[in-house]
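Undergrad: Spelled out, the chains give:
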Amino acid sequence: DAKTTQPPSMDCAEGRAANLPCNHSTISGNEYVYWYRQIHSQGPQYIIHGLKNNETNEMASLIITEDRKSSTLILPHATLRDTAVYYCIVRGYISNFGNEKLTFGTGTRLTIIP
Amino acid sequence: NAGVTQTPKFQVLKTGQSMTLQCAQDMNHNSMYWYRQDPGMGLRLIYYSASEGTTDKGEVPNGYNVSRLNKREFSLRLESAAPSQTSVYFCASSAPGVQDTQYFGPGTRLTVL
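Just so you know, the sequences run in chain order A and B.
Residue 25 in the numbering used here sits at position 25 of the first sequence, with consecutive numbering throughout.
Residue 88 in the numbering used here sits at position 88 of the second sequence, with consecutive numbering throughout.
Quick caveat, the hints were computed from the structure, so don't treat them as lab data.
Predicted model, so just to flag it, every value in this text is computed and none were measured.
You can take every hint at face value.
Derived CB-CB ranges, DEER-like:
1) A2/B x A13/A: 31 to 37 Å
2) K9/B x T79/A: 25 to 31 Å
3) T15/B x R16/A: 44 to 50 Å
4) P8/A x L113/B: 29 to 35 Å
5) F10/B x M10/A: 30 to 36 Å
6) Q45/A x G40/B: 17 to 23 Å
7) N70/B x A17/A: 43 to 49 Å
8) P39/B x N19/A: 24 to 30 Å
9) R16/A x S51/B: 42 to 48 Å
10) G16/B x I63/A: 50 to 56 Å
11) G16/B x N19/A: 48 to 54 Å
12) I39/A x P61/B: 24 to 30 Å
13) T54/B x Q45/A: 22 to 28 Å
14) D67/A x N70/B: 41 to 47 Å
Here are some, though not all, of the chain A residues that point toward chain B, as calculated from beta-carbon distances under 10 Å:
15) S41
16) H49
17) Y87
Incomplete in silico selection of chain A near chain B, CB under 7 Å:
18) G43
19) P44
20) Y46
21) F104
22) G105
23) T106
All C-beta atoms, glycine included, are put in the ideal place defined by N, C-alpha and C.
Required output: the full structure, derived from the provided sequences and hints.
TA: Below is the structure:
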């Protein structure tokens, strides 16, 4: 799986958009970009994923550059409950049996400031 | 649906003791996983089970054994606990597919003295 690089920490004012960057310059053509977050002491929570097109769901938007070497997770209106560690993960598909492995780095610690 | 449940939530062991961490999911997922998370670190995969009856080693399997009891349950056993196994353990499950996502349990906080 490709390695990802994220800033260790970021702050964002409550109500503003939080933009979390991720570099994955060695990503290959069949690898997806996934984002998870981990709120203090809880299990990680899936946010969004994409291959090459921008994606949006009820939680966030994912913008992937045309060369796919970087991406940005956007939380459009950050709230205090969005304070968490955000993990950007790149992974390929190993088999037809769903035994995919997620490789977690250290992520970005996002703090939402009132 | 409860999602992924784990028991116990907390456990303290002495070096050399054994214990089994339990995990169950009610989402009819085929694949299940065990991760550990040390302070300030990301999660590392210990073992996974692609489907009922199969298990495979992950990144850090030494000192652990697993059992995929049935489709719902996946247990992690420490035969002889060591202080280096002090960690938070997370279980996860996913449905098969190219774009499957993993759903995590609340974690078990284990301290080995």
